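**Q** Spelled out from the first residue to the last, the chains are:
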Amino acid sequence: NAGVTQTPKFQVLKTGQSMTLQCAQDMNHNSMYWYRQDPGMGLRLIYYSASEGTTDKGEVPNGYNVSRLNKREFSLRLESAAPSQTSVYFCASTGQGAPEAFFGQGTRLTVV
Amino acid sequence: LAKTTQPISMDSYEGQEVNITCSHNNIATNDYITWYQQFPSQGPRFIIQGYKTKVTNEVASLFIPADRKSSTLSLPRVSLSDTAVYYCLVGLMIKAAGNKLTFGGGTRVLVKP
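Here the protein sequences come in this chain order: P and X. So for the first sequence, my numbering puts the first residue at 4; every next one is plus one. So for the second sequence, my numbering puts the first residue at 12; every next one is plus one.
It is worth saying that the hints were derived from the structure and are not from the lab. Hints may contain errors.
DSS-like mimics (lysine-lysine), calculated; alpha carbons at most 27 Å apart, straight line [to be verified]:
1. P:K12 with P:K60
2. P:K74 with P:K17
3. X:K65 with X:K111
4. P:K74 with X:K111
5. X:K123 with X:K80
6. X:K111 with P:K12
7. P:K60 with P:K74
8. X:K65 with X:K14
9. X:K14 with P:K60
10. X:K80 with X:K65
11. X:K111 with X:K123
12. X:K111 with P:K60
Computed footprint of chain P on chain X, listed as stretches where at least three residues anywhere in the stretch have a Cβ under 8 Å from a Cβ of chain P [stated by the list, open to error]:
13. 54 to 63
14. 112 to 121
With the C-beta cut set under 7 Å, the calculated list includes, among others, these residues of chain P facing chain X [stated by the list, open to error]:
15. F13
16. Y36
17. P42
18. G45
19. L46
20. L48
21. E103
22. F106
23. G107
24. G109
On a predicted model such as this, the values are computed, not experimentally measured, just so you know. C-beta atoms are modelled at their ideal positions from N, C-alpha and C, and glycine is treated no differently.
Input sequences plus hints: build the corresponding full structure.
**A** Here you go:
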């Protein structure tokens, strides 16, 4: 199993550009999450989706939108990128059958 | 979600035992305590989860006193590869739908030769 897959792994954007970060899981998990991690800092929750069709704001939702396309996929969109959004973005998922969250390998985003 | 407090950093040496204590004074009755490990440039990885007393697996032990207001992650005989950031989370067990996973700043553990 691939687990949680994020694309792309690296991205450079110019200020004002838009892009969508993709996340897919193949573990039939109900809940999915998006985090950002700035250098030397902990993870901060941007948005999460408890189940297909639902999304909720986390700690730092401003400047982002999400879509839970189906049970497998949860995308994060930056409509107008800003340098303050330079960070590493992690997607995670959790399910009924295990006590832990599974994380993707991250997307390193730089906004110049 | 119960707020957690843990040390910012800890240094240790190879072969020693490392104990990281996390405070969670307002833990709720239904809350579990979960620890994650994160290596540089990787996503966090689950280490251990517990509710009360002691839990042990092949990686670590988790000690939870009777009042559950704190917990201690114990890493036995650490090696250089245990250098990482360790996060303590408190909340509903993952199996509960809609668990809002919130990470704090974590504890940076540096294992020296």
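**Q** Give a verdict on every hint.
**A** For each hint, the structure was consulted:
no. : hint               : in the structure
1   : P:K12 with P:K60   : 24 Å, holds
2   : P:K74 with P:K17   : 31 Å, violated
3   : X:K65 with X:K111  : 25 Å, holds
4   : P:K74 with X:K111  : 17 Å, holds
5   : X:K123 with X:K80  : 31 Å, violated
6   : X:K111 with P:K12  : 25 Å, holds
7   : P:K60 with P:K74   : 18 Å, holds
8   : X:K65 with X:K14   : 21 Å, holds
9   : X:K14 with P:K60   : 18 Å, holds
10  : X:K80 with X:K65   : 14 Å, holds
11  : X:K111 with X:K123 : 35 Å, violated
12  : X:K111 with P:K60  : 10 Å, holds
13  : 54 to 63           : holds (count 5)
14  : 112 to 121         : holds (count 6)
15  : F13                : 11 Å, violated
16  : Y36                : 6 Å, holds
17  : P42                : 11 Å, violated
18  : G45                : 4 Å, holds
19  : L46                : 4 Å, holds
20  : L48                : 6 Å, holds
21  : E103               : 3 Å, holds
22  : F106               : 3 Å, holds
23  : G107               : 6 Å, holds
24  : G109               : 6 Å, holds
The structure is inconsistent with the numbered hints 2, 5, 11, 15 and 17, although it conforms to all the rest.
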